[in-house]
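**Student:** This is what each chain is made of:
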Amino acid sequence: MSTVNANKKKMKAPIEGLKKFNSVKPTTNVFISALFIALALLCFMPALLVLIVSFSSEASVLQKGYSYVPSGWSVASYVYLLRQWRYIGGAFLNSILVTVIGTSIGLVMCSTMGYALSRPNYRLRGFFSIFILIPMLFSGGLVASYMINTNILGLKNSFWALILPICCSSFYIVIMRTFFQTTVPEAIIESAKIDGARQIRIFLQIVLPISLPSIATIGLFFTFAYWNDWMMAKYYLNSNAQNLYPLQYVLISLESNIDFLSRNAQFMTPGEAQNVPSETVRMAMVMISVIPIACSYPFFQKYFIGGLTIGAVKG
Amino acid sequence: MSTTAVKGKKKTGSNGSSFDNLEIFLLHLPTTIWYLIFCYAPMFGVVIAFKNYKVKPGKSFLYSLFVNSKWSGFKNFEVLFKSSYFSDMLRNTLVYNFIFIVLGVVIPVTLAILINNMWSQKLAKVCQTMMFLPHFLSWVVISYFVYAFLATDAGLVNRVLLALGLRETKNMWYTDVGFWTWFLVFLNVWKGMGYNMVVYLSSISGIDQEMYEAALIDGATKWQQTKYITLPTLRPIISIMFIMAVGSIFRSDFGLFYQATRNAGGLVEITQTFDVYIYKALLERPNINMSSATSLLQSVCGCITIIIANIVVKKIDPNAGLF
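In the order they appear, the protein sequences are chains A and B. When the first sequence is numbered by our numbering, its final residue is 730 and no position is left out of the sequence of numbers. When the second sequence is numbered by our numbering, its final residue is 350 and no position is left out of the sequence of numbers.
This is chain B alone, in the form it adopts within the complex (with noise of 0.2 Å):
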């Protein structure tokens, strides 16, 4: 950083025009100022976690949030911890990402592996595109297809299910909690699929072939070229999508958690996630000050996770790294 500021400041004083800065700067005001309305405001909208928040009617929200509203410290947060469902919001959370990022590493680059050694690159091709199609499909589009499989009396499982014999009577999937717990883990891998095995996919393909060739006259099997010529390549990407995970095991994806499961009402125990929870508190049942806290409480928890998840993978490979 402090070479190039030195060269920049060379290059101001050589090269002329002292406009130069004033113009980039200008060209760029419309987003600095969208930064600072829409991430750095309410950065110190945060304040609101540590009020007892009450609107004043009439009065404009920042008369009630720093004159009507009381200061309570940390009370917010107490009353969060101490609550029935912050342990089960917890473990949803942390327990899912956890699953998530390991199969959304694991299954992809074994995907990409394979499919690169498919011999038909044609047939190889079309896979490939449509594994992509989920990527590009929103939740609620999801939620549908989910629902004309698992709907009580019209969905395709049920109907399947009774043809067969298998079963004598429908099940009711929305309210069916242990299905539900292992199907959230394979949607979340359904729609990331294609798209992360691309990802590492277009890293193999980047390796020079010459490696694989003097690997193959060295006598070395698939399986060696494999474990000494691919995955080490991999690992910059490798660790670069692990931290981005890493960095974001405090939030969930509200569409899988909330939409895909059509919010059902029995699903409450699994679903619930940080995410959902601010979602509802905020919305549904409003509770302003749980809500501000909990959205405080996976802010500063998702920050520091994000550093810790930097520092460790710049130890393992100093190129690597977010920032």
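Extracted from the complex, chain A is given alone in its bound form (with noise of 0.2 Å):
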């Protein structure tokens, strides 16, 4: 990969001097700029807002409202979360359980049937690639699902209720399938063939590690959607199965009921629940659930650019 980077930029350098004479004019660069700075701050801005409250003392909140100059500063809430620790660290457990587990079953999913979509003379590779087809084009819905998957299948208030029903998408499939066609050469397989390979053997020993960065990109793809997923809990969690829920349901049971940590009151001293921080403590929590997000995107972004190009290729 980095190879391929280094010519291309060889390539383009005896172009740069070209480049310049062909940029925009320096006015028009400076409102570019300017344009491009303030939509950056405007995606930024309202994060920063969240933090800085999260960090605000309680009495801040009530005299200034949320502010981005807090009259006074406060880890109060952090203090207080780390005390829930028994609830909010098992939310916090929850979300990586489902996370890890949901984006290790997805991979296998998809990567397995984009395989065997990459072959070419595999027998049944015309049909099945109408059989992930079709539910692209036509859904039973989400009351169909919903019903089979509580009465027939039993996931209501159910751990893998968080993972099965989004665990693969026809979507990913096909890059998975562009992928493997357009990185793994044909005749490394067949060679692995003459030598006596087994088609698992050759997928896993084979075609897996060739194709580490699209696996990586598709794994990508998969955790921020796990970490991310609420509506799977809202569906199919309820106010039984608080032990499974996940740290965005916590965040939208917090928004329904302003006083759901003092309610969990099993964990507290009564003198403890008068003074919760409740209005920063949200905002706290906010942060739990943003901060491995918004630390770890930045490094990756270049995954989704790559997955992003790639999917739109059509196979």
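Careful: at least some of the hints might be erroneous.
In silico DMTMM-like links for lysine to aspartate or glutamate, alpha-carbon gap of 25 Å or less [stated by the list, open to error]:
#1 A:K649 <-> B:E296
#2 A:K479 <-> B:D180
#3 B:K249 <-> B:E237
#4 A:K479 <-> B:E237
#5 A:K608 <-> B:D47
#6 A:K717 <-> B:E296
#7 A:K440 <-> B:E240
#8 A:K440 <-> B:D235
#9 A:K571 <-> B:E50
#10 A:K649 <-> B:E311
#11 A:K608 <-> B:E237
#12 B:K307 <-> B:E105
#13 A:K479 <-> B:D203
#14 B:K197 <-> A:E473
#15 A:K440 <-> B:E105
#16 A:K440 <-> B:E296
#17 B:K254 <-> B:D235
Note that these hints are calculated values from the structure, not bench results.
Take the two lone chains, each set in its own frame, and fit them into one complex as the hints suggest.
**Tutor:** Printed below as a string of structure tokens:
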């Protein structure tokens, strides 16, 4: 990958000079730069406000409201969350478990099907291409899925309800198939076959290692999707399964019951319940679910961009 | 398709290993089972829409559905079409999606072309990364961001407006239909802007620089270069994004309409879309008959639109198209 980039840079170098003549006027450049700085701030400032509120003192929020310049700073909300770790930590752990298990299952599902559809001499290839295309066009809809998942599969209030309904997608399979078709040379597979390797071994020991970057891309798609998912919890969990709540769903519960944390009073002494810095705690909770993403996505975004371009190529 | 199939047969014939097909089949068997359970079974579950669904306590779902519930033909749909909220629902879904599709192409394409012309690539990179952030946040988190600005008492907007003397009293933003009508559009653009811009930007950076060079030597202005080189190159990706969007014109972003608005009762006339209604009629105020009828209607209309959109796009550009 890096050598290709280096080559590209070398090839581009002689054009750089010409590019100088072909760039926009200075005033236009100032205008464009200002526009993009404004847009970048527009996308970033709301997150900053919530971050600042989570570190504001409760008194400041009561007096000045949510403000970029609070009258006092405090880490009381985070201390509070730490003390509630049995509950918050449980939700955090649920989110991590759902993300890790869901991503693993999703990768196995999509890569195996993608591999099968990328084999030119697989007899059922045509059939299964249509098999995965049909759900992209028509779905039974939420009600039918909900009825079957809860009544027949028994997924109501189950951990697996957070994972199974969204662990595969035709779109990802198509991306995978295109990846395999373009990055794995047919000759390697043929030669492995001549050496007597079975398909499963070819897939595990040859195809997967070669296409690691693409696996990483789809893995990231899944990771972010699972970490951010709240709809499955909203559909399939109710208050009987509070110990299964992922972080995102705890946030929703906080929204509908301001005193949700105080209700979990079994972890608190009576005096404590009154002193909950509820305004800032909510924002601190938001930050706990945002920070892992905000810190990691700048490093992963190139995979997303790569995945997008390949996904856009029709196979 | 047919040529590859013929080629495939030849290869199996000459290359021996007749186990190949079986092994590959076994490899993707789990995925196949998943599709049968989670995609194909619900397709038959749509019969609920044609039944007067009644649960018989103590009996299984299938018994309740097939034995206990009577066929009602299209009666559920008749009730749905006659109901007072149906026109609102249809209008909200279609009009908002139409606006989102148009803005979802125009704004990101414009931004991609502009950012590509920025002098400082470093600044461009930083801005691009920051604009990517909302794409990675869930609507739950965004609803809190919005709340920090719009909360009646502590919200930043009300505090600033009061401090500047622009308003005498605090505005109840979560009941302000006029404001949310446009704010929903803003939120949708805000969340998707960075992501969609990058989609188009990655196509733009794939364009051969020599084309611009040649155009420059021929005396083309920047605007002409954009019009005759950049936009035509973007056409296939724009068509793909377009059919995907049109194909889901009967779907709405549940997170945007339900979660970001905090399901505020006063906003129902603009936030009730198909998906919001289906959810509410399934879990909040259960009315399975209406919910399943709406759900099926949405799927059927969506299926028809995506097929039509695909045909249209293929007419314009034979190489584009989803299938």
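**Student:** Indicate, hint by hint, whether the structure satisfies it.
**Tutor:** Okay, the hints, checked on the actual structure:
1. A:K649 <-> B:E296: holds (23 Å)
2. A:K479 <-> B:D180: Answer holds: K479 (chain A) to D180 (chain B) is near 10 Å, not above 25 Å.
3. B:K249 <-> B:E237: holds (15 Å)
4. A:K479 <-> B:E237: Roughly 57 Å between the alpha carbons, so the hint for K479 (chain A) and E237 (chain B) is violated.
5. A:K608 <-> B:D47: Since the Cα atoms of K608 (chain A) and D47 (chain B) sit roughly 10 Å apart, the hinted pair holds (cutoff 25 Å).
6. A:K717 <-> B:E296: violated (41 Å)
7. A:K440 <-> B:E240: holds (17 Å)
8. A:K440 <-> B:D235: Holds. K440 (chain A) to D235 (chain B) sits at ~22 Å (cutoff 25 Å).
9. A:K571 <-> B:E50: Violated - the C-alpha atoms of E50 (chain B) and K571 (chain A) are around 35 Å apart, more than 25 Å.
10. A:K649 <-> B:E311: holds (11 Å)
11. A:K608 <-> B:E237: The given pair, whose Cα atoms are some 43 Å apart, is violated under the 25 Å limit.
12. B:K307 <-> B:E105: Holds - the C-alpha atoms of E105 (chain B) and K307 (chain B) are around 19 Å apart, at most 25 Å.
13. A:K479 <-> B:D203: Since the Cα atoms of K479 (chain A) and D203 (chain B) sit roughly 23 Å apart, the hinted pair holds (cutoff 25 Å).
14. B:K197 <-> A:E473: It holds: about 21 Å lies between the C-alpha atoms, which stays within 25 Å.
15. A:K440 <-> B:E105: violated (62 Å)
16. A:K440 <-> B:E296: Violated - the C-alpha atoms of E296 (chain B) and K440 (chain A) are around 48 Å apart, more than 25 Å.
17. B:K254 <-> B:D235: holds (15 Å)
When each numbered hint is compared with the structure, violations occur for hints 4, 6, 9, 11, 15 and 16.
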